[in-house]
Structure formats: structure tokens, C-alpha cells
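Chemist: This is what each chain is made of:
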Amino acid sequence: MEDKFILGGVELKSRLFIGTGKYSADNLIPAVCEASGAEVITVAMRRVEKGQQGIVAHIPRSMRLLPNTSGARTADEAVRLARLARAAGCGDWIKIEVISDVRHLLPDGYETAKATEALVKEGFTVLPYINPDLYVARACVDAGAAAVMPLGAPIGTNRGLRTKEMIGILIDELDVPVVVDAGIGRPSQACEAMEMGAAACLVNTAIASSADPVRMAAAFRAAVEAGRNAWLAGAGAVKAPGEAAEASSPLTGFLR
Amino acid sequence: MENFEQFLAKWPRERRARIAENATEEQVLVALRKDTLQPEDFLVLLSPAAAPHLEDLAQRAHELTLRYFGRAVNLFTPLYISDVCTNQCRYCGFNAKNTQPRRHLNMDEIEAEARVIADMGLQHILLLTGDARKLSSPEYIADAARRIKPLFASVGVEVYSLTEDEYRLLIAAGVDSMTMFQETYNPELYDWLHPAGPKKDYSFRLNAPERAARAGMRSLGVGALLGLDEFIQDAFCTGLHAWWLMRHYPGVDVGISIPRICSHEGSFDIPHAVGDRQFVQYVTAMRCFLPRSGITCSSRESAFMRDHLIPLGVTRVSAGVSTAVGGRATEADNSGQFDITDHRSVEEMTAALAGIGYQAVVKDWEDPTTTHA
Numbered sequence: 001m002e003d004k005f006i007l008g009g010v011e012l013k014s015r016l017f018i019g020t021g022k023y024s025a026d027n028l029i030p031a032v033c034e035a036s037g038a039e040v041i042t043v044a045m046r047r048v049e050k051g052q053q054g055i056v057a058h059i060p061r062s063m064r065l066l067p068n069t070s071g072a073r074t075a076d077e078a079v080r081l082a083r084l085a086r087a088a089g090c091g092d093w094i095k096i097e098v099i100s101d102v103r104h105l106l107p108d109g110y111e112t113a114k115a116t117e118a119l120v121k122e123g124f125t126v127l128p129y130i131n132p133d134l135y136v137a138r139a140c141v142d143a144g145a146a147a148v149m150p151l152g153a154p155i156g157t158n159r160g161l162r163t164k165e166m167i168g169i170l171i172d173e174l175d176v177p178v179v180v181d182a183g184i185g186r187p188s189q190a191c192e193a194m195e196m197g198a199a200a201c202l203v204n205t206a207i208a209s210s211a212d213p214v215r216m217a218a219a220f221r222a223a224v225e226a227g228r229n230a231w232l233a234g235a236g237a238v239k240a241p242g243e244a245a246e247a248s249s250p251l252t253g254f255l256r
Numbered sequence: 257m258e259n260f261e262q263f264l265a266k267w268p269r270e271r272r273a274r275i276a277e278n279a280t281e282e283q284v285l286v287a288l289r290k291d292t293l294q295p296e297d298f299l300v301l302l303s304p305a306a307a308p309h310l311e312d313l314a315q316r317a318h319e320l321t322l323r324y325f326g327r328a329v330n331l332f333t334p335l336y337i338s339d340v341c342t343n344q345c346r347y348c349g350f351n352a353k354n355t356q357p358r359r360h361l362n363m364d365e366i367e368a369e370a371r372v373i374a375d376m377g378l379q380h381i382l383l384l385t386g387d388a389r390k391l392s393s394p395e396y397i398a399d400a401a402r403r404i405k406p407l408f409a410s411v412g413v414e415v416y417s418l419t420e421d422e423y424r425l426l427i428a429a430g431v432d433s434m435t436m437f438q439e440t441y442n443p444e445l446y447d448w449l450h451p452a453g454p455k456k457d458y459s460f461r462l463n464a465p466e467r468a469a470r471a472g473m474r475s476l477g478v479g480a481l482l483g484l485d486e487f488i489q490d491a492f493c494t495g496l497h498a499w500w501l502m503r504h505y506p507g508v509d510v511g512i513s514i515p516r517i518c519s520h521e522g523s524f525d526i527p528h529a530v531g532d533r534q535f536v537q538y539v540t541a542m543r544c545f546l547p548r549s550g551i552t553c554s555s556r557e558s559a560f561m562r563d564h565l566i567p568l569g570v571t572r573v574s575a576g577v578s579t580a581v582g583g584r585a586t587e588a589d590n591s592g593q594f595d596i597t598d599h600r601s602v603e604e605m606t607a608a609l610a611g612i613g614y615q616a617v618v619k620d621w622e623d624p625t626t627t628h629a
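These protein sequence lines are chains A and B, in that order. Heads up, the first sequence is in my numbering, so the first residue is 1 and it goes up one at a time. Heads up, the second sequence is in my numbering, so the first residue is 257 and it goes up one at a time.
These aren't lab readings, by the way, just hints derived from the structure by calculation. All C-beta atoms in this analysis are idealised placements derived from N, C-alpha and C, irrespective of residue type, glycine included. Do not take every clue at face value.
[As the list claims (entries may be wrong)] Restricting the straight-line Cα-Cα distance to at most 30 Å, the calculated cross-link-like pairs of lysine-lysine (DSBU-like) are:
no.: 1; chain 1: B; residue 1: Lys456; chain 2: B; residue 2: Lys390
no.: 2; chain 1: B; residue 1: Lys266; chain 2: B; residue 2: Lys456
no.: 3; chain 1: A; residue 1: Lys164; chain 2: B; residue 2: Lys290
no.: 4; chain 1: A; residue 1: Lys121; chain 2: A; residue 2: Lys4
no.: 5; chain 1: B; residue 1: Lys405; chain 2: A; residue 2: Lys50
[To be verified] Label-pair restraints from in silico Cβ distances:
no.: 6; chain 1: B; residue 1: Arg503; chain 2: A; residue 2: Phe5; range: 41 to 51 Å
no.: 7; chain 1: B; residue 1: His318; chain 2: A; residue 2: Asn27; range: 22 to 32 Å
no.: 8; chain 1: B; residue 1: Lys266; chain 2: A; residue 2: Asp101; range: 48 to 58 Å
no.: 9; chain 1: A; residue 1: Asp101; chain 2: B; residue 2: Asn362; range: 35 to 45 Å
no.: 10; chain 1: A; residue 1: Gly144; chain 2: B; residue 2: Pro308; range: 52 to 62 Å
no.: 11; chain 1: B; residue 1: Val372; chain 2: A; residue 2: Asp101; range: 30 to 40 Å
no.: 12; chain 1: B; residue 1: Glu311; chain 2: A; residue 2: Ala211; range: 38 to 48 Å
no.: 13; chain 1: A; residue 1: Asp172; chain 2: B; residue 2: Glu604; range: 37 to 47 Å
[What the hints assert, rightly or not] Pulled a few chain B residues facing chain A out of the computed Cβ check, cut under 7 Å:
no.: 14; residue: Leu320
no.: 15; residue: Tyr505
no.: 16; residue: Gly507
Just need the whole structure built from these sequences, with the hints factored in.
Modeler: Structure representation (C-alpha cells):
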């Protein structure tokens with residue numbers, strides 16, 4: 001079965017997106033890129049140095065950059081950082097992060113939707129990082145977002161799909177890809193998101209803070225692929241432990 | 257809204273001491289298992305009851321630091337632009353009574369010094385002055401920030417307490433962070449330590465970070481100078497100060513600095529010297545209490561201590577440090593504010609961090625208020 005993943009008009013082969021933060025050395029990034037099979041990598045503009053020295057220099061040319069607006073507290077600030085990203089040669093894709101509570105790092109839905117609208121008008125391919133809130137997601141989609149990126153759990157916590165029910169609703173209701181971002185701590189959790197029908201997962205902390213980031217990247221690659229295949233195949237009926245094979249008193253037994 | 261000083265009044269000294277003295281091992285174990293710590297838990301982790309559990313604290317602090325900061329440590333360096341000072345802080349090398357020669361850099365000298373720092377590869381700089389409002393006015397500090405801003409991603413200040421409007425002036429000049437050491441949260445001791453000069457006003461200093469936050473400062477740093485008051489008192493109040501600021505200004509990044517008093521010009525008997533084990537208890541308890549807050553460790557501490565504190569919670573260190581005014585591109589004055597014990601250059605620090613499996617990050621800020629075409 002053909003399974004094309006088109007995002008912002010671009011066909012991607014990998015459904016795993018990765019990040020660049022928290023590594024013990026940026027020179028690990030090429031090996032992580034290769035092991036993960038990822039084609040999309042996010043980088044915070046706050047880390048990007050003039051002339052693309054430093055972190056960007058370690059990202060293989062074949063990767064598609066997804067600069068993010070980490071540090072922005074308002075839509076205006078996100079727009080400014082997006083323009084900077086474009087001017088710095090980081091391309092037209094932008095992950096919007098508007099966070100005005102640095103304790104929990106939860107995205108501000110209203111400002112995010114406003115920034116999405118402004119940046120779509122400027123020709124960006126916009127991927128907003130959001131709480132899995134249907135109204136915020138719809139506002140972003142209506143504004144022209146290429147995908148939405150709901151959090152599975154607060155960023156950096158590695159707690160997995162704490163917002164599973166809400167992400168499921170977004171997957172059901174939206175016509176754009178849903179990329180689960182933030183909170184995924186283990187490959188099994190990425191697999192679970194993909195089994196639910198997520199279009200892709202973005203994983204950073206779980207790979208970067210692993211004792212062996214390259215091997216963990218390979219593990220996430222396999223998990224995302226497994227989850228996608230499971231979703232495509234369609235899960236069979238699953239019985240819970242102890243669940244009776246047949247109801248002892250059929251409710252339709254009266255039908256003869 | 258009440259200010260921090262009013263909030264702190266709900267935590268009188270006796271209450272802090274009582275909770276710390278009565279803390280039990282069970283309370284320590286409970287606090288170590290909690291996801292979110294309340295101030296009482298923090299006090300328990302600082303208490304003598306937690307001391308035998310230092311390794312457990314360290315393990316927890318390491319795990320949290322790795323989770324939220326990864327294996328990356330930010331580098332910065334201080335630039336002292338004037339050591340002219342009207343205060344008489346008993347513990348400080350810039351004390352107005354010390355007869356050392358003083359220097360006050362002009363704008364060309366500041367830029368020349370800053371260029372040397374930028375050429376070292378650093379992008380985060382901290383401007384420092386003594387407390388001499390007439391000579392080193394807020395306008396002078398703002399001019400300095402404006403002059404060097406094109407060279408750096410982030411310009412911070414560690415200067416005397418300013419009014420809210422004066423903080424606005426600095427922000428408009430490109431300053432994004434301010435650090436304010438309260439020195440001690442004990443008002444009586446504070447009064448004795450600061451016999452004369454504008455710094456004598458305890459409340460004005462205590463509420464300075466909040467004024468900066470209201471003015472729109474992106475990032476704040478607070479810290480007590482450990483060794484002045486009893487450990488438990490200032491350690492707890494520092495964390496409480498940061499915690500309170502974060503709750504009331506959620507958009508502001510609040511970090512902690514952990515200066516421990518060391519020798520200086522003149523003589524000063526350290527009233528409550530903090531030993532290494534207690535110091536580690538402080539850093540690790542702070543990490544558990546404020547898991548996402550940056551912790552800055554200056555070159556007052558030895559290379560050995562700094563390298564070992566990084567896995568435990570320190571996320572920001574200085575490198576290529578001089579605490580004298582001038583000396584990089586211009587003539588130096590003779591002595592610094594305090595003696596530094598870690599003299600490593602940026603390259604040496606980067607190599608040392610790599611040696612323990614950490615990456616030195618020179619740029620971790622981009623001013624989102626700047627307009628780009």
C-alpha cells in the first residue's frame with residue numbers, strides 16, 4: 001500500500017523529526033541524523049550563529065531545516081524570529097513556539113494562531129507547536145498551517161502521551177498532518193502515537209539525553225516505522241485479560 | 257499585589273529554622289520522590305536531616321538536569337567597566353575605603369575590551385560596575401550596552417539597584433538579563449555589612465529583580481553570598497526568591513547564582529563559612545526545587561568544584577574571566593573585586609567540558625524584539 005507523507009508540498013520518506021538541543025557535542029548530530037533516517041531537523045534560532053557557524057554547520061546538507069522560535073513570548077516576536085531564520089538562510093519552514101510561561105513551557109495558543117496567520121501570509125510553511133486543543137488547532141489550520149504539532153506531555157519531561165485522548169481527537173478531526181511533538185520519552189511511546197494515526201513524531205530530549213544517542217535514534221526510527229505500519233494494517237480486535245471469550249448471558253439471545 | 261519582601265515576612269527566620277531543625281528522614285525521602293516541591297520541601301532538603309542523603313539528592317538533581325538541560329552548558333564572561341564605588345560592604349574588594357587605584361572605562365575602552373571578548377568566541381556578556389550613581393549612571397550603563405550589543409547575542413548587567421524606569425532604559429539599549437545578589441536575606445546582618453552608601457537600602461535591593469521584571473527584563477538572576485548568614489537561612493531565601501519571581505512573572509526566565517564568599521582585599525572573617533558538602537547540598541536541593549532554572553557558577557569556585565557541579569545542576573559557567581577593570585585591551589587596574597580560582601580560558605573550559613561529556617554552548621539567545629527585514 002502506498003503511503004505518501006506530503007508536508008508543505010514536499011514528500012518526506014521519514015516520519016521521524018529530530019532536534020538539535022541538549023547534545024553533549026554537536027558533532028554527534030550527523031551520526032544521529034543518519035541512524036534516525038530523519039529528513040527534518042529542528043533548530044532553535046537562539047542557537048544559530050551568524051554565518052551558520054556552530055550548530056548549523058554540523059547538520060548534514062541533506063536535512064531539511066525546521067528552525068523554531070524558542071524564546072518568543074508573543075506572536076510578534078515569533079514573526080521576527082521567523083524572518084531572521086529566513087534571512088539567515090534556514091529556509092521557509094518554521095516551527096512556531098510561543099511560550100510565555102517558562103516554568104512549564106506550555107505554548108500560548110492564541111499568540112501561536114496569530115503568528116501562524118502572519119507567517120503563512122509571508123509565504124512560510126508553518127508548523128505550530130500547540131497544546132492539543134481542537135479550537136487552537138482549527139484556528140491554525142484555518143490560518144494555513146501545513147501541520148499541527150501537539151505536545152504529548154510538557155516539553156523535556158519524557159513522560160509520553162499524557163494527552164493521548166486529545167491528540168486522538170485532532171487526528172480524527174483535522175485535514176492536516178498531526179505531528180506529535182514534545183514529551184515522547186521512549187520509542188514505545190512514539191510507536192503508540194503512530195499506531196493512533198499521527199503523521200509523524202518529533203523527538204529530541206529522549207535521543208539527545210540518552211547514554212547512546214545514535215543507537216536511540218535508530219530505535220526511534222524502528223518504532224515510528226512499526227507504529228505507522230500497524231496503523232496502515234489496522235489493529236485486530238484485542239481482548240483484555242480476564243475478558244470472557246463469549247458473553248455468558250447474551251443480550252440478543254431472545255432473537256431466534 | 258504583595259511584593260517579595262511582604263511575602264518573605266510570612267516566612268520569618270524562626271519558622272525557617274524550626275522546620276529545618278525538626279525535619280525528619282521520612283520528610284527527606286518524601287521530598288525526594290515528589291514531582292513538584294513546595295518551599296517546605298526545599299527547606300527539608302537543605303536541612304541537616306537531608307545531609308546523610310546527599311548521594312540521593314545528587315542522583316535526583318543529575319536526572320533532572322539531564323532531562324531539562326541535556327549535556328549542554330552555557331558560557332559567558334563578565335566585563336567590569338568601572339570599579340569606582342561609594343559603598344563600604346565589609347566583605348568586598350571594591351569597598352570605598354580600600355585605597356586601591358580605580359578605573360572607569362570610557363565607551364571606546366569598553367568597546368575595545370568587548371571586542372577581545374567577542375574574539376574569544378563568546379556571545380553572552382555580563383556588564384558590571386561598582387555603585388557610583390553619578391559617575392556610572394544608568395545612562396552610562398545603557399550607553400555601554402548599546403555600544404557593545406552588535407558584538408553579542410546577549411548583554412546582561414550586574415549593577416547597583418535601579419528603578420523600574422531605569423531598567424526600561426537598559427532594556428531599550430539591548431540589555432536582556434539582570435543579576436542581583438541580595439548578599440543576605442537577613443535585614444539586620446545586611447545593615448551591619450553595609451555601613452554606608454546607597455546599597456544600605458535593603459528593601460530597594462530586595463525588590464530590584466521584581467522592578468526589572470515589570471520593566472520587561474527577559475531574564476533575572478538572584479543569589480545570596482553564601483557564608484554571611486547561617487547556611488539554611490540564605491540558602492532557603494534564595495530559592496524562595498526565585499520561586500516567588502517565577503510564580504508572579506511566568507514569562508521571565510529566573511536563574512540562581514551560587515556565590516560563596518572567598519578572600520578579598522582587606523580582612524573579613526567569614527561568619528558562616530559553607531563547606532563543600534553543604535555547598536553541594538545547596539546546588540542539588542535547588543535543582544530539585546526549581547528543575548528548569550539555570551544555575552550559574554562563577555570562577556570564584558575552583559575548576560575542580562565547577563567541573564563536579566555541572567552534572568549536579570550547574571548550567572552556566574564563566575570562562576576567560578577577569579574581575580579587574582580593563583586588562584584585556586586596555587591597561588588594567590591592579591586588583592579585582594574578588595580572587596578568582598578558576599582561570600581557564602574559553603578554549604580550556606570548552607575542552608574541560610568535553611572531557612566530562614558536556615558541550616560548551618556560546619550562543620543561547622536571540623533577541624526576538626529586534627526587527628529583521
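Chemist: Next, verify each hint and record whether it holds.
Modeler: Do the hints match the structure? See the list:
Distance restraint check for Lys456/B and Lys390/B: the Cα-Cα separation of roughly 17 Å lies within the 30 Å cut-off, and the hinted pair is therefore satisfied. Our distance criterion of 30 Å between C-alpha atoms is met by Lys266/B and Lys456/B, whose separation comes to about 23 Å. About 24 Å separates the Cα atoms of Lys164/A and Lys290/B, which keeps this hinted pair within 30 Å; it holds. At roughly 27 Å between alpha-carbon atoms, Lys121/A and Lys4/A fall within 30 Å of each other, so this suggested pair holds.
Annotation: proposed proximity of Lys405/B to Lys50/A holds, straight-line Cα distance about 14 Å (limit 30 Å). Look at Arg503/B against Phe5/A: about 42 Å separates their beta carbons, and that is inside 41 to 51 Å. At roughly 24 Å, the beta-carbon separation of His318/B and Asn27/A lies within the given 22 to 32 Å, and the hint holds. One distance hint, 48 to 58 Å for the beta-carbon pair Lys266/B and Asp101/A, is violated here, with the actual separation near 24 Å.
Against the hinted window of 35 to 45 Å, the Cβ-Cβ separation of Asp101/A and Asn362/B comes to about 42 Å, which satisfies the hint. At roughly 59 Å, the beta carbons of Gly144/A and Pro308/B sit within the given window of 52 to 62 Å. At about 38 Å, the CB distance of Val372/B to Asp101/A agrees with the hint of 30 to 40 Å. Taking the beta carbon of each, Glu311/B and Ala211/A are about 20 Å apart, not inside 38 to 48 Å as hinted.
At roughly 56 Å, the beta carbons of Asp172/A and Glu604/B sit outside the given window of 37 to 47 Å. Nearest Cβ of chain A to the Cβ of Leu320/B: about 10 Å, over the 7 Å cut. The hint is violated. Taken as an interface hint, Tyr505/B does not check out: its beta carbon lies about 9 Å from the nearest beta carbon of chain A, beyond 7 Å. Below 7 Å, beta-carbon pairs count as interface contacts, and Gly507/B has one with chain A at about 4 Å; its hint therefore holds.
In this structure, the earlier hints numbered 8, 12, 13, 14 and 15 are contradicted, and the remaining ones agree with it.
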